[in-house]
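There are 2 protein chains.
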Amino acid sequence: MDKSEFIECHKRIKPFIHNTPVLTSQLIDAMADASIFFKCENFQKMGAFKMRGATNAIMLLTEKQRQQGVVTHSSGNFAQALSLAAKSLGVKAFIVMPSNAPQVKKDAVRGYGGIVIECEPTLLAREAKSKSIQEKEGATFIHPSNDDNVIIGQGTACKELLEQQPDLDYVFAPVGGGGLIAGTALASQYFGNNCKVIGGEPYEVDDAYRSMLSGNIETNKTTNTIADGLKTQLGDRNFPIIQQYVDSIVRVTENEIIHAMRMIWERLKIICEPSSAVAFAAAIKHKNEITGKKIGVILSGGNVDLQNLPF
Amino acid sequence: MDKSEFIECHKRIKPFIHNTPVLTSQLIDAMADASIFFKCENFQKMGAFKMRGATNAIMLLTEKQRQQGVVTHSSGNFAQALSLAAKSLGVKAFIVMPSNAPQVKKDAVRGYGGIVIECEPTLLAREAKSKSIQEKEGATFIHPSNDDNVIIGQGTACKELLEQQPDLDYVFAPVGGGGLIAGTALASQYFGNNCKVIGGEPYEVDDAYRSMLSGNIETNKTTNTIADGLKTQLGDRNFPIIQQYVDSIVRVTENEIIHAMRMIWERLKIICEPSSAVAFAAAIKHKNEITGKKIGVILSGGNVDLQNLPF
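Protein chains in written order, with my numbering: chain A, 1 to 311; chain S, 1001 to 1311.
Among the hints, erroneous ones may be present.
Unchecked claim - Under the rule of at most 30 angstroms between Cα atoms (straight-line distance), these lysine-lysine pairs were calculated in the DSSO-like manner:
no.: 1; chain 1: A; residue 1: K287; chain 2: S; residue 2: K1092
no.: 2; chain 1: S; residue 1: K1293; chain 2: A; residue 2: K294
no.: 3; chain 1: S; residue 1: K1293; chain 2: A; residue 2: K87
no.: 4; chain 1: S; residue 1: K1293; chain 2: A; residue 2: K14
These are calculated hints, taken from the structure and not from any lab test.
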């Protein structure tokens, strides 16, 4: 995953993604005593950065692989991203979803052209079902976060941010499965000017924080957080990158996440997911270090259930 | 209020306002069967288009008038807009507010540097208190919507929209006190290319719709609408402009407002007020006329109480 692969990836996916806007707020800057640049992946196609990695992964398939389609298991943004990316590229996408996933999420996947395959709501059942589709259809499995092509794709958000603001001192990104933070860390190495990358993670699912301490991929016993995109754990492809290039992981409470989310909604007048707000919450928590500095914050997505808000 | 006054006004206020972005959504376009361009005044300074008119009105004061300050009565966006515009220009702003106005609104006015003067919660008391401040302080009264300089200022939002999208067939704007719709109608005459202006108004406060029918300024007996920025009535400065240049006024139900607001939040991923959503709701309701056309929608503001949402 060297610099040239990043540049090639960005060229490749550009026609299929938005170069999302970077927003600022004088009031937020005054409050944080820093200049904060929000990279708005909530405005990305289908509403999240996942569109980038999904598009890159599909575009790198061989012609034969494309004809046989792709498969993943996810009930979140990656399911929708893979469906839409596949549709844009004329490829079939099989999405394995637990039978108890909300109807609205199944509908969203179908709306983007994905083929929903239901399974029992266990990890074992999901993996078994994915495996059977790989065998039966010859479809290629694409992991939501632990795949080199996905990691590079997600990193293009930070690349765009640094192209617009080359002198950022820090970039904050949320940590879930590790694809975004690993891609962000690589992008900051290649395109930043001594720019440090810090991950934000809920206390309630602090597997990445503990993984950094122990040197092994840790898991979460419970996942009781509002940041539902961050419940997953790191993988063997992204963890070594995170260990090498991520400066630190800052943990935040549920209240800090809700407070940060509210500030973004009220001040920037945009809709972001709780998972996005985690990165901003981490920046606020890191106040002493960011004072007077130029800070990037990756707002990862904007798919929120308006009927279930924390305010 | 001729074309050159508009051009001068826009030049004058430019350093003090944002040229707000124009957003689009493929999904909304597909749903509406039209190309819709949202002029995002929710991203304007202090969160609403009112900043434009307030700034213009203050800048046109004499030096002596500036020294004695400005006064208005409002508990909405204009109170905050006049406060912030006055502060930016080094002028005192007295804001007469009913004693029962929410604390958060008084705090917002004070946060922008306005001097809050409380009065009994009646129109009579508001007017008497404003009058007394005009006499005591020598402050100039600035009406939120029935003032030529305010009307021209509000119209600059549509001017910017037409500079970016010169071939709009229609522009939709909400109708409250009439300042925005009158300014929009004039701007579309001067800067549009045969562009019609249509007002959106809640059924619950359809005074403008009835005024157009009767030829007189009508009032509302009740104001039971979620679009709290649209409860006011037209004035003698803006009504003649509306009669002459506004194509029609489309009334919408409370459910249609909430549906439109939800679509903007979910699809554009931005926060807009119910009053803003009224214009989009009117466009959707006008579906037959807008099919295949290029449509502008003025999203008037984004100051929403997140603790009191209609979803």
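Now for the hints, and whether the structure bears them out:
no., hint, verdict
1, A:K287 to S:K1092, "violated, 34 angstroms"
2, S:K1293 to A:K294, "violated, 43 angstroms"
3, S:K1293 to A:K87, "holds, 27 angstroms"
4, S:K1293 to A:K14, "holds, 29 angstroms"
Hint violations for this structure: numbers 1 and 2, all remaining hints satisfied.
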